[in-house]
Amino acid sequence: MSNTAVEGSLWRHRGFLQYWSANVVDLVGSGVTQVALPLIAVVSLHASVWQVALLSFAQKLPPLLVSLSAGALADRHRKRPVMVGAALVGGAAFLVLPLADALGRLSLGLLYGVALVSAVAEVFGSTARISFLPALLPRARLLEANSKLGGINSLADSAGSQLGGALVAALGAAHAVCLDVASYLACALLLGRIRTPEPAAVRTTKRTTFRAEIVEGMRYVGSHPTIRPLVLAATAYVAVMAFLNTLWSVYLLRQLHYSAGALGMTLSVGALGGFCGALVVRPLVTRFGPVPVMLTTLALAPFTEVPLLLATPGPCWQVAIAVAMFVQLGCAVTQGSTQRALRQAVCDPALQGRMLATSRWVVYGSQPPAALLAGAAGTWLGLWNGLTVGTVALAIPFLVLRSSSLAALPRGTAVLQEAHRASARPQQESDAA
Numbered sequence: 001m002s003n004t005a006v007e008g009s010l011w012r013h014r015g016f017l018q019y020w021s022a023n024v025v026d027l028v029g030s031g032v033t034q035v036a037l038p039l040i041a042v043v044s045l046h047a048s049v050w051q052v053a054l055l056s057f058a059q060k061l062p063p064l065l066v067s068l069s070a071g072a073l074a075d076r077h078r079k080r081p082v083m084v085g086a087a088l089v090g091g092a093a094f095l096v097l098p099l100a101d102a103l104g105r106l107s108l109g110l111l112y113g114v115a116l117v118s119a120v121a122e123v124f125g126s127t128a129r130i131s132f133l134p135a136l137l138p139r140a141r142l143l144e145a146n147s148k149l150g151g152i153n154s155l156a157d158s159a160g161s162q163l164g165g166a167l168v169a170a171l172g173a174a175h176a177v178c179l180d181v182a183s184y185l186a187c188a189l190l191l192g193r194i195r196t197p198e199p200a201a202v203r204t205t206k207r208t209t210f211r212a213e214i215v216e217g218m219r220y221v222g223s224h225p226t227i228r229p230l231v232l233a234a235t236a237y238v239a240v241m242a243f244l245n246t247l248w249s250v251y252l253l254r255q256l257h258y259s260a261g262a263l264g265m266t267l268s269v270g271a272l273g274g275f276c277g278a279l280v281v282r283p284l285v286t287r288f289g290p291v292p293v294m295l296t297t298l299a300l301a302p303f304t305e306v307p308l309l310l311a312t313p314g315p316c317w318q319v320a321i322a323v324a325m326f327v328q329l330g331c332a333v334t335q336g337s338t339q340r341a342l343r344q345a346v347c348d349p350a351l352q353g354r355m356l357a358t359s360r361w362v363v364y365g366s367q368p369p370a371a372l373l374a375g376a377a378g379t380w381l382g383l384w385n386g387l388t389v390g391t392v393a394l395a396i397p398f399l400v401l402r403s404s405s406l407a408a409l410p411r412g413t414a415v416l417q418e419a420h421r422a423s424a425r426p427q428q429e430s431d432a433a
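When the letters of the sequence shown are read in order and numbered with our numbering, they come out as residues 1 to 433.
Since the hints were made in silico from the structure, they are not lab data. Just so it is clear, the structure is predicted and the values come from calculations on it, not from any experiment. Incorrect hints may have been included.
[Said to hold, decoys possible] Distance ranges between label pairs, derived from CB positions:
| hint | residue 1 | residue 2 | range |
| --- | --- | --- | --- |
| 1 | SER223 | LEU103 | 40 to 46 Å |
| 2 | LEU65 | PRO315 | 42 to 48 Å |
| 3 | VAL280 | HIS257 | 33 to 39 Å |
| 4 | ALA395 | ALA102 | 37 to 43 Å |
| 5 | LEU171 | VAL392 | 43 to 49 Å |
| 6 | LEU372 | GLY222 | 49 to 55 Å |
| 7 | PRO197 | THR379 | 51 to 57 Å |
| 8 | GLY375 | VAL280 | 32 to 38 Å |
| 9 | VAL319 | VAL280 | 19 to 25 Å |
| 10 | ALA92 | SER9 | 34 to 40 Å |
| 11 | VAL250 | LEU64 | 23 to 29 Å |
| 12 | VAL392 | ALA92 | 18 to 24 Å |
| 13 | ARG219 | LEU64 | 27 to 33 Å |
A virtual CB, placed ideally from N, CA and C, is assigned to each residue, including glycine.
Kindly produce the complete structure, drawing on both the sequences and the hints.
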């Protein structure tokens, strides 16, 4: 499928529409849970700050533990059963919470277990789902598909969080999770109904172990001339943003005296920026090429933090920070969609899952230490000084990408196919040797 053309709008592609809808319902349900889980811990179970931190740790730990295994599994087997199975496991895990609440058996230990199991399922499901996209669509349509997914992801995540707040108020935190359970079931149904033929997993003639396949994926990413610099730039960006986001909300609430409504307005405007970024990414890449677009958006990133550093309490600065957040998330979605499509296009089909898993392991593995570093910086240097350090560090992703060899790639969306052919030649020559 990935080597054939799909004519017309992707909205008329039945398989993509089901794939897109599954992402929407999954993100709306997850947005509800992002609000409900901390409230269950704090309000229902009277958790301490340290206990709430352990809940966050349980949610962030699985990408570090199982991402590489999830990638190898996605490359060994067909991806559709993994996607559907992971959604069902996630739904079953969250169903435990309202049942335990009804039986009076809700506890922090149970909450940690649900968070851990659901996060493990999410890693396996999302790894298979993202690496399935190049089998669903031809390479020339990957940028368009990722931009459509990126736009709705921003809106669905925001809508889910707002819906979660309303449901928690109406039903209670534990019972609000039922919507996430329903979203997992709907996601599994939509993914299971995709009828686009999926190529069989590529099997090598030599016998290999699971560990050897994981190592092969890591070496592939580390040696690939296009994927390696993209992953390094993404890691730098995600790490710095994790550092800034750890301090950001605390600074707004304590130093700039934001109300809950003002904070919600800022987040909503930011989500709208992400949606707009998804709308413009394809025409921008078509006109200027993927690397110039990524470099420009990364170059703008440090400037979007400047209003926060200059701000004083008051509505005028609240508007300025919201506009900066709009630009920041618009740039993030634009460069994120572009680099994801480029990585998918140039990757060997037999290594899609392991490439994605290795990339996510490296990129998101940077978040926990970055958050800890931010806590230390905020404590020792102060919130404003810590944010200043993070703002300056936002130049690092631009420098990483600018110093790479990717500037030689041609312009236009045709680069997705041209880069794939260029990256395939060394592999073919290696196979021939």
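Evaluation of the provided hints:
For the hinted restraint 40 to 46 Å between SER223 and LEU103, the CB-CB distance of approximately 53 Å leaves it violated. Distance hint check: the CB atoms of LEU65 and PRO315 are about 45 Å apart, consistent with the given range 42 to 48 Å. Checked against the given bound of 33 to 39 Å, the beta carbons of VAL280 and HIS257, roughly 34 Å apart, stay inside it. A beta carbon spacing of about 52 Å between ALA395 and ALA102 contradicts the range 37 to 43 Å that was offered as a hint.
Between LEU171 and VAL392 the beta carbons are some 45 Å apart, a value that agrees with the proposed interval 43 to 49 Å. For LEU372 and GLY222, the Cβ-Cβ distance of about 26 Å falls outside the hinted range of 49 to 55 Å, so the restraint is violated. A hinted range of 51 to 57 Å holds for the C-beta pair PRO197 and THR379, which are about 55 Å apart. For the hinted restraint 32 to 38 Å between GLY375 and VAL280, the CB-CB distance of approximately 36 Å keeps it satisfied.
For the hinted restraint 19 to 25 Å between VAL319 and VAL280, the CB-CB distance of approximately 22 Å keeps it satisfied. Restraint check, ALA92 to SER9: a C-beta distance of roughly 36 Å satisfies the suggested window 34 to 40 Å. At roughly 25 Å, the beta carbons of VAL250 and LEU64 sit within the given window of 23 to 29 Å. Under the hint 18 to 24 Å, the C-beta atoms of VAL392 and ALA92, about 46 Å apart, miss the expected range.
With their beta carbons about 19 Å apart, ARG219 and LEU64 fall outside the hinted range of 27 to 33 Å.
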